Amino acid sequence: MNKLLLTRDGKKQEMDSNLILEENTVIINETTFLFIDARDSQENLTLVIAPEVELQLSILGFQSANHFSFLLKKDARVSVSHFGIDSCDSYQVVLQEEGAKIRYCYSSLTRNSAVIPIEIKHMAQHTESEISNHCFQVAGDYTFDVTGIVLKNCAGCICNQENQIINLTHGKSKIHPNLLIDHYDVVANHSAYVGKFSKEVLFYLASRGLNPKESYVLLLTGFLLGKMSLSDELKGRFENKIQEYGGERNESGGFSNFTA
Amino acid sequence: MLEIKDLFVETLDHKEILKGFSLAMKPGEIHVIMGPNGTGKSTLSKVILRNPDYVVKKGDILYQGESILPLSTDEVARRGIFLAMQNPISIEGVSNSEFLRTALNARSQNKVNIYLFMKEMEQAFQDLAMPKEMMHRSINQDFSGGERKKNEILQMKLLKPQLILLDELDSGLDIDSLKIVCQNINDYLMEHEEASLLIITHYPRILDYLHPDVVHIMIDGRVVKSGDISLAYELEKNGYHGMNVVSEEEIHE
Ligand SMILES: Nc1ncnc2c1ncn2[C@@H]1O[C@H](COP(=O)(O)OP(=O)(O)OP(=O)(O)O)[C@@H](O)[C@H]1O
Ligand SMILES: [Mg+2]
Chain A
75 MNKLLLTRDG KKQEMDSNLI LEENTVIINE TTFLFIDARD SQENLTLVIA PEVELQLSIL
135 GFQSANHFSF LLKKDARVSV SHFGIDSCDS YQVVLQEEGA KIRYCYSSLT RNSAVIPIEI
195 KHMAQHTESE ISNHCFQVAG DYTFDVTGIV LKNCAGCICN QENQIINLTH GKSKIHPNLL
255 IDHYDVVANH SAYVGKFSKE VLFYLASRGL NPKESYVLLL TGFLLGKMSL SDELKGRFEN
315 KIQEYGGERN ESGGFSNFTA
Chain B
27 MLEIKDLFVE TLDHKEILKG FSLAMKPGEI HVIMGPNGTG KSTLSKVILR NPDYVVKKGD
87 ILYQGESILP LSTDEVARRG IFLAMQNPIS IEGVSNSEFL RTALNARSQN KVNIYLFMKE
147 MEQAFQDLAM PKEMMHRSIN QDFSGGERKK NEILQMKLLK PQLILLDELD SGLDIDSLKI
207 VCQNINDYLM EHEEASLLII THYPRILDYL HPDVVHIMID GRVVKSGDIS LAYELEKNGY
267 HGMNVVSEEE IHE
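Top line first, the protein sequences correspond to chains A and B.
Heads up: the first sequence runs through residues 75 to 334, numbered per our numbering.
Heads up: the second sequence runs through residues 27 to 279, numbered per our numbering.
Just so you know, these hints were derived from the structure itself, not from any lab.
A few of these clues could be false.
Looking from chain A toward chain B, a few residues come up when the C-beta cut is under 8 angstroms (computed) [claimed, not checked]:
1. Ile249
2. Glu274
3. Ser281
4. Leu293
5. Gly296
6. Phe297
Pair by pair, the computed Cβ-Cβ distance ranges are [what the hints assert, rightly or not]:
7. A:Lys148 - B:Lys158: 37 to 43 angstroms
8. A:Ile232 - B:Lys137: 54 to 60 angstroms
9. B:Asn212 - A:Glu88: 19 to 25 angstroms
10. A:Glu97 - B:Asp168: 43 to 49 angstroms
11. A:Asn118 - B:Gln135: 49 to 55 angstroms
12. A:Thr81 - B:Lys137: 41 to 47 angstroms
13. A:Glu88 - B:Leu142: 37 to 43 angstroms
14. B:Thr37 - A:Ser187: 33 to 39 angstroms
15. B:Gln152 - A:Ser187: 50 to 56 angstroms
16. B:Pro96 - A:Ile232: 53 to 59 angstroms
17. B:Asp168 - A:Leu254: 31 to 37 angstroms
18. B:Met216 - A:Ala266: 36 to 42 angstroms
19. B:Ala50 - A:Val189: 31 to 37 angstroms
Dumping the calculated DSSO-like pairs for lysine-lysine here, alpha-carbon to alpha-carbon at most 27 angstroms [said to hold, decoys possible]:
20. A:Lys273 - B:Lys263
21. A:Lys273 - B:Lys183
22. B:Lys186 - A:Lys287
23. B:Lys183 - A:Lys287
24. B:Lys41 - A:Lys309
None of the values given here were measured: they were computed from a predicted structure.
Don't be surprised by glycine CBs; every beta carbon is placed ideally from N, CA and C.
Chain B extracted, bound-state conformation (with noise of 0.2 angstroms):
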């Protein structure tokens, strides 16, 4: 499904962010990133989805098989990634439904039937516990943290990718949120047997809900240990310090 490989990325101006690395997952699979803050884990999130603030100056990443770095971000959207940000912004006087809807029109041959992409939309706000007046307000306008978040899954669920990259869902989302949140994306995966999940967190909470096959501890730019569920439960118990995974100056707070 995504292949990563020993990838050194900067900025525009020639700040190293990630720096060697590696990441393997199979369709159907569920990896987690966990690490400090600024290690580049949302570096790394909007480098697949090919975002041209950053330059890859060594490395691959192969998406189903095929290297998506000659891709522009629309296109590599279109062929099935999918990132829910860690901020996601607003965009004012473009609604919801209009964003949608031309987003949906993008990827197929043929125009989306309004009644049917109407229902699909009301039922995914239903699904959310969203309000369905939101879908004629501006992107995220006057949203909250909360409510934001929530929308990035809307969007999700519409979309339909194949490989989801979930930034910081849990941050902004309260208990009950996130429990329907996770829920959504739960039926989504069971529908789509073969989409894959790719979580970054810092907190093992949401791994409550979403059963994580790898767990990746990432840190100043690659990942440098990798196991199951119990990494992050022991991640959270003991610290980045505690982990005796690199040394002390490696570990950027």
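Okay, chain A solo, but in the shape it has when bound (with noise of 0.2 angstroms):
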């Protein structure tokens, strides 16, 4: 798998010669898995898809700051599963030519409060999106600000989002959906929750005796995860992740870093 390492100190790359890294642009001429792992890095990284390339990108931003720019030429595809800690990495994808599909989970998992400014823009016709954010906010106030742009003239378009936010604590939790459709043969839909998980599915998840913390992880996970196509190493990687975070058990049958 090509990786791509970002830090602080800047961009480290092991990828294959198909793809090149100029600046802070990652052109993709053919068919590939790349893996970008974000730690601790506050970069503005562009990626073009070349025409009828297949993509299929794993991020993992961890106290990261990171601003992702998606350019997709003719019937391109690319499939985006974007997991952050703690970060507040934020995405905007084009779709420049006819026939350009992405599918875009992004899952946030965070203490920090922040805005996600995120845009979806279809310049062609017969373009799709299909994007979800998820972020669980263990505190602070958290926004999505998911914004879908159809032009004029874009026949044949699909443009879906879903978004949801559980929160864990009384932290502001905000879902700003937008959608501007300036076409009318669209298809165009969106869903917003904001909340927490059930009494009801707790209650379940006990009764076969899980206790809360083992519920909880549960929940995250397929929360986090579930709408993600991930390799089953990363996915493991993520897994252990969102145990992590969770901490340990304590003394009240929560757990140290959910204290809900």
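With the hints as a guide, dock the two chains, each given alone in a separate frame, to form the complex.
Okay, here's the thing in structure tokens:
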């Protein structure tokens, strides 16, 4: 797999020759997998996906504040599984040419306050975007600002977004979904949910013998990673991160880092 | 096995539901509770599982000789009490198999052996005539009413409880499925002689398969009459009004 490491001190690559890293741009000329491991970084990275190329991208952001821009050429297909821990990564997608498609799963597990701007722009006919943004907010105030734009004369587009924030405390959580559609022949949906894991769900899991931490880890893993397409290795790694984040079980039956 | 003594329970906003409920079950016994809608049967099952929405004001619940009132839901479950719920909920993103493996890990010191676990689970799917691919689907997500009920019994088979509460298991199951599910329960009881069953139901049909030792009639939060299986058939014939157990105005419908 191609790997790109983003740190405070800059970028480091372990990439095949078919990926070209120039300054802040990665050019993807061939169907491939890419893993971006971002720690503590604040990069502004653009990925250009060439015509008919398929990209499977996984991103792990740890205490990072990166902005990712995607530029999709004709019939390019991109699937992104982007998991952030205490990070405030944001992203923008431009579906520049006909037939470009993106599926973006963004999940964030955080105790920091943040406003996350996300934008999807359809600039050509028959382009499709399917995005879902999930956040589990342990503390702080968190906002998803999600805008879907379909320009004039872009017939046959699909522009769907689904956003959810589960908050553990009484911090403010907001979802601002915007759909700016300038053409009639377009499928566009959005859904938003802000709340907690339901009492009924927690009771169901507890009635099978799961303690609060085990329930939360299971629910969180489903909520944050359930929609992603990840390799087994990355899936295991992301799951471990969620467990670590939960911390040790404490005496009151809760667990140190999620003080529900 | 289970002894419920003069139990008074109310909701968090002080609505009284159980009003002096008592019941005693020995190991290996099968008991049935029948009663009108809204009489507190599901509430009773949830209170036994220590659901935090209900407050015990008086009385006690002893399981294997010990009060379970101080325990949390997961502790009660790990001691071997299982509730097949009236309306099992669905949980998106959490697969059946992942969930069961976590539940099994939660009750043993050692991690479950994945290979043995998969084998046992496949067998259970087969026993219940459920398609195997369901194990990879999210818990009850897009399952039909009957499939959800079967899934409850699947969990029971794997978690191996000592006390099993069935809250209207028969509602939603078609004739053949009810037979299969009851066959599985009977096999389980044969294998686990000490295991006891508390069945909540509206109709005696399920009792054609699961043969009860005692039938209780519950009205307005307590048991008003107990007897053998003939009580269930009498009830089916005459309805609660014809049972001559309480005055008219006490019957809620
Ligand atoms: N959490 C709650 N808050 C308020 N009222 C409740 C709560 N739980 C149960 N009740 C009420 O308590 C009564 C008993 O409910 P329960 O579900 O136990 O009845 P049931 O005997 O199982 O009925 P059915 O046969 O219809 O399943 C009902 O009137 C119900 O509305
Ligand atoms: Mg009920």
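- Query: Lying within 43 to 49 angstroms: is that true of the beta-carbon distance Glu97 (chain A) to Asp168 (chain B)?
  - Reply: 47 angstroms, holds
- Message: Tell me if the straight-line CA distance from Lys186 (chain B) to Lys287 (chain A) falls inside 27 angstroms.
- Response: 22 angstroms, holds
- Query: Under the criterion that the straight-line Cα-Cα distance not exceed 27 angstroms, is the pair Lys183 (chain B), Lys287 (chain A) satisfied?
  - Reply: Given that 27 angstroms is the threshold and the Cα spacing comes to 24 angstroms, the pair holds.
- Query: Hint check: is the beta carbon of Leu293 (chain A) less than 8 angstroms from a beta carbon of chain B?
  - Reply: The hint holds - Leu293 (chain A) has a Cβ within 8 angstroms of chain B, the shortest such distance being about 7 angstroms.
- Given a hinted range of 31 to 37 angstroms, is it respected by the beta-carbon distance of Ala50 (chain B) and Val189 (chain A)? 60 angstroms, violated
- Message: Gly296 (chain A) was flagged as interface toward chain B. Is the shortest Cβ-Cβ separation under 8 angstroms?
- Response: Constraint on Gly296 (chain A) satisfied, holds at 3 angstroms.
- Task: Could you see if the CB distance from Pro96 (chain B) to Ile232 (chain A) stays within 53 to 59 angstroms?
- Result: Once the Cβ atoms are compared, 55 angstroms apart, the range 53 to 59 angstroms for Ile232 (chain A) and Pro96 (chain B) holds.
- Taking 49 to 55 angstroms as the hint, is the beta-carbon distance of Asn118 (chain A) and Gln135 (chain B) inside that range? Cβ of Asn118 (chain A) to Cβ of Gln135 (chain B): about 50 angstroms, so the range 49 to 55 angstroms holds.
- Determine whether the Cβ-Cβ distance between Thr37 (chain B) and Ser187 (chain A) falls within the hinted range of 33 to 39 angstroms. For Thr37 (chain B) and Ser187 (chain A) the Cβ distance comes to about 37 angstroms; the hint holds.
- For the range 19 to 25 angstroms, tell me whether the beta carbons of Asn212 (chain B) and Glu88 (chain A) fit it or not. 60 angstroms, violated
- Query: Is Lys41 (chain B) within 27 angstroms of Lys309 (chain A), Cα to Cα?
  - Reply: 47 angstroms, violated
- Could you tell me whether the CB distance from Lys148 (chain A) to Lys158 (chain B) stays inside 37 to 43 angstroms? Given a distance of about 42 angstroms, which is inside 37 to 43 angstroms, the answer is holds.
Consistency with the previously given hints fails for numbers 1, 8, 9, 12, 18, 19, 20, 24, ordered from lowest to highest.
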